[in-house]
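Undergrad: Here's the letter readout for the chains.
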Amino acid sequence: QKEVEQDPGPLSVPEGAIVSLNCTYSNSAFQYFMWYRQYSRKGPELLMYTYSSGNKEDGRFTAQVDKSSKYISLFIRDSQPSDSATYLCAMSPIISNFGNEKLTFGTGTRLTIIP
Amino acid sequence: DGGITQSPKYLFRKEGQNVTLSCEQNLNHDAMYWYRQDPGQGLRLIYYSQIVNDFQKGDIAEGYSVSREKKESFPLTVTSAQKNPTAFYLCASSLGGSANHEQFFGPGTRLTVL
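If you're matching them up, the sequences are chains A and B in order.
Residues in the first sequence are numbered consecutively from 13, following the working numbering.
Residues in the second sequence are numbered consecutively from 4, following the working numbering.
By construction, these hints were calculated from the structure, which means they are not laboratory data.
Among these hints, one or two may not hold up.
[As the list claims (entries may be wrong)] Label-pair ranges, simulated between beta-carbon atoms: (1) B:G6 - A:K79: 30 to 36 Å; (2) B:T89 - A:K54: 17 to 23 Å; (3) A:K14 - B:P11: 19 to 25 Å; (4) A:E57 - B:T89: 43 to 49 Å; (5) B:S10 - A:A29: 36 to 42 Å; (6) B:K73 - A:E27: 45 to 51 Å; (7) B:Q59 - A:K14: 18 to 24 Å; (8) B:S25 - A:A29: 36 to 42 Å; (9) B:T23 - A:S32: 38 to 44 Å; (10) A:A41 - B:T8: 42 to 48 Å; (11) A:A41 - B:S25: 20 to 26 Å.
[Claimed, not checked] Beyond 10 Å from chain A on every Cβ pair, some chain B residues (computed): (12) F15; (13) A64; (14) V116.
This one's a predicted model, so the numbers in the text were calculated from it and none came from an experiment.
Cβ atoms here follow ideal geometry from the backbone N, Cα and C, with glycine treated the same way.
From just these sequences and the hints, can you work out the full model?
TA: The structure is reproduced here in structure tokens:
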């Protein structure tokens, strides 16, 4: 079983819809949670970053972490065609100085917003 | 503008050849990373470096080598020992220490073995 599971999609929704993207994980040591957006043939860009449980909102994007269920979500409101991309979740444990700090990534969900 | 650059964007290699992928950053980040991305497998860590002149193997280091002689540069060599090198290679950097989880990525190099 992978440490981080993410539905690869593809996921297609009409413009203006609310999109929900999710990841589950098995390592209870994960404390930092990130969402990256990756356009085709480009490098990933950091979209959202949260620490521990709770919600974080940034414009049309909301990141949600439920540590009790080991489940994280990214919601996109009023989705736009420009949101069409692959979304990667990533997570890491509490980091000590110069330890084995590594991000563990999900496989990514490919999202298409249909005009 | 601060950022991470990777070159070349596309690279073709014949079997049995070594090739070196370039990664440069001007973000003054201490830590740098190399990932490989294959369809359906997400990002897998090849090597990472926390400080100059030091680096550690990641999850899939076999067939790869790196150097970190300067803070700004972290080149990756794909050797002929790498059995399946065709992939999209991504370089990333972070501040280091407790800020390692916020990694910023370059645009990637797509390597194809002919």
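Undergrad: Look at each hint and say if it fits the structure.
TA: Results of checking the hints against the structure:
no.: 1; hint: B:G6 - A:K79: 30 to 36 Å; verdict: holds (33 Å)
no.: 2; hint: B:T89 - A:K54: 17 to 23 Å; verdict: holds (19 Å)
no.: 3; hint: A:K14 - B:P11: 19 to 25 Å; verdict: violated (32 Å)
no.: 4; hint: A:E57 - B:T89: 43 to 49 Å; verdict: violated (24 Å)
no.: 5; hint: B:S10 - A:A29: 36 to 42 Å; verdict: holds (39 Å)
no.: 6; hint: B:K73 - A:E27: 45 to 51 Å; verdict: holds (46 Å)
no.: 7; hint: B:Q59 - A:K14: 18 to 24 Å; verdict: holds (22 Å)
no.: 8; hint: B:S25 - A:A29: 36 to 42 Å; verdict: holds (41 Å)
no.: 9; hint: B:T23 - A:S32: 38 to 44 Å; verdict: holds (42 Å)
no.: 10; hint: A:A41 - B:T8: 42 to 48 Å; verdict: violated (34 Å)
no.: 11; hint: A:A41 - B:S25: 20 to 26 Å; verdict: violated (34 Å)
no.: 12; hint: F15; verdict: holds (16 Å)
no.: 13; hint: A64; verdict: holds (13 Å)
no.: 14; hint: V116; verdict: holds (18 Å)
The earlier numbered hints that this structure contradicts are 3, 4, 10 and 11.
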